[in-house]
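With chain U held as given, fit chain G onto it using these hints.
2 protein chains.
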Amino acid sequence: MAPYTFTAVAANLPSTVPFIGPEAQERARGTPFLARIGANECVFGPSPKAIAAMAQAAVESWCYGDPENFEIKAALAAHYNIPADNIVVGEGIDGLFGYTARLFIEPGTAVATSLGAYPTFNYQVSTCGGRITTIPYRDDHEDPEALIDLAIAENARLIYLANPDNPMGSWWDAKTIQCMIDAVPEGVILCLDEAYLEFAPAGTAPPLDVFCDKVLRFRTFSKAYGLAGCRIGYAIGEAELIQSFDKLRNHFGVSRIAQAGALAALADQQYAKRVVQQVAAARNRIASIAKDNGLEALPSASNFVAIDCGRDGDYARRVLANLVTRGIFVRMPGVPPQDRCIRISAGTKDDLDVLEEVFPEALRNSEAST
Amino acid sequence: MAPYTFTAVAANLPSTVPFIGPEAQERARGTPFLARIGANECVFGPSPKAIAAMAQAAVESWCYGDPENFEIKAALAAHYNIPADNIVVGEGIDGLFGYTARLFIEPGTAVATSLGAYPTFNYQVSTCGGRITTIPYRDDHEDPEALIDLAIAENARLIYLANPDNPMGSWWDAKTIQCMIDAVPEGVILCLDEAYLEFAPAGTAPPLDVFCDKVLRFRTFSKAYGLAGCRIGYAIGEAELIQSFDKLRNHFGVSRIAQAGALAALADQQYAKRVVQQVAAARNRIASIAKDNGLEALPSASNFVAIDCGRDGDYARRVLANLVTRGIFVRMPGVPPQDRCIRISAGTKDDLDVLEEVFPEALRNSEAST
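Chains as they are written, first to last, in this note's numbering: chain U, 44 to 413; chain G, 44 to 413.
Just so you know, nobody snuck in bad clues.
Which bits of chain U does chain G cover? Going by a derived footprint, with three or more residues having C-beta under 8 Å, they are:
1) 55 to 61
2) 94 to 103
3) 230 to 239
In short, the hints are calculated from the structure, not lab data.
By construction, the Cβ of each residue, glycine as well, lies at the ideal position given by its N, Cα and C atoms.
Chain U extracted, bound-state conformation (with noise of 0.2 Å):
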């Protein structure tokens, strides 16, 4: 018996670790694998310049960041033309995650969410003994009606919905997110990641409304800017909302080369553009070996694609292992139906050689061992 005393909500937590890391998958392989295309990572890498600043910043790494993250968040204000009091800057969307689940959620209190939506909301909601409530994916999407009323039956605090969606890769125009918004009851926030939204067509997200206290929406340096092992995101909303989250973020958290890093990534939108081209063009590649093999691949307006195995969740948990034996990090949705896809990031090129000359090898084999 342990002499120590847990919180009531830390006792019924599970020491886990929630996403198994690629790393951890190579150790055990005892070899790394040949494409890395299973985290919606940036495999296009950060800017040049963005290098070129960290390099420069990690001579300076002895000096602690500016705790109020000053310069990116002006350089994030003028991005978007809006205040940066508005601009709250964290380590990723699941740091600020964390903290917007620290400000609203205590023992009980819900949330609404949808079932197979990004697992992190609901890990930090729960750390905190949060109540997750969720209603299904509609076609493939996250229902906004749905969860407007989700949050109303169930008295939650907080909804989370992410535009573009991860894992399906699936979108809603403004117009939609704009009557989400509108909807928001009073007393709840709505927590809108928009992680993948440099990848999405023009028109998927609303403007930016800086005095709206219904809703947090959230970005990162982790996806079209290719910083993802830098911890660098930020939330926008009302200004005494943003504020809110210097009631306990760590104040010191972000790195000083992660600030540097993501100030000379903003900078350089050349390089950004670039990046969501090649992105797109990946996208386009995945399909078209998805259909190859007779599969379909769904839309997508992220820097990945759901490829539907044509069958249960079961059938494509095979598919996804016979590609990891094979040296191919993917990863897939947890949930039915969604489980009836794999979920394959934008890959390089050479990544993408790999997939296509593996997958028919891997659906075979999947076949053989139904």
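Chain G alone, transformed into the frame defined by chain U:
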């Protein structure tokens, strides 16, 4: 009236940036500091090998870091000759204090610490609604026996003690600390902050005991290894207690660059030893600058020196302000009687040349404005 509802705990927290960073002060001044010796950073910088490793890792920063922190944990395990299961790596000691608070502190839970000890521990406890109880320093030392008595009297779940202490630089020998650990009551965990341990004389820390579940030992790459801007620290403790951090830590929270930098820094013990020597020399020079100005420097086992300004807190605050005005970033203890001191971090030769030059005038000016 905001439409959203904070948790009962968050509603009562102020929105603040507890430490005003040197960058914010520089923006207000309109000019950079001449010497940055206020935040106990390592002015001698990280090992060139760590800088090179971080520059290399910057290229790979499109990849998330390993959520298991496997390599750096393995290296630390080898360094200390303990199992890796007894180590948790997190976003600096501040980040790990946040997790510790969330594991053990719920509204009303008491912690026992010293009045004027490290404020970020208290900050993290407060974000969980904890009740901070304190006893005064005794002769500029945190008082192990009184802390134990306080914890018993207040039914505390956590005790905080830093050895060496920040902000005073004082320390206890290993025997005293071991006695304290032995006296930790059932149901209580001692958070032993050893951030500055590398600068202390041999015999300051008791041996690591991986079976003792009454203490967590917090250490960092921010100080002797010069990686404050990277946010990477660790805690050492009994395996099951350590594993409990997996209940709620941000698994991808440690940046890939920090992992690489820490690994290279730890491997370069020769460099770390030289830093410790440079810091010791800088401490001596700060003490001699103090003496030249008729003041006494307190003995220090850390990378900073508290200079007793010989009067009350108001006077020391004037001395501090006069140094800041003259381009020296320094800080000072927050509460009496420790606030008769200013705290000066080990600086480079150039830093301390500036300090030596402006100190007499700063003192004269503080005198004049009495």
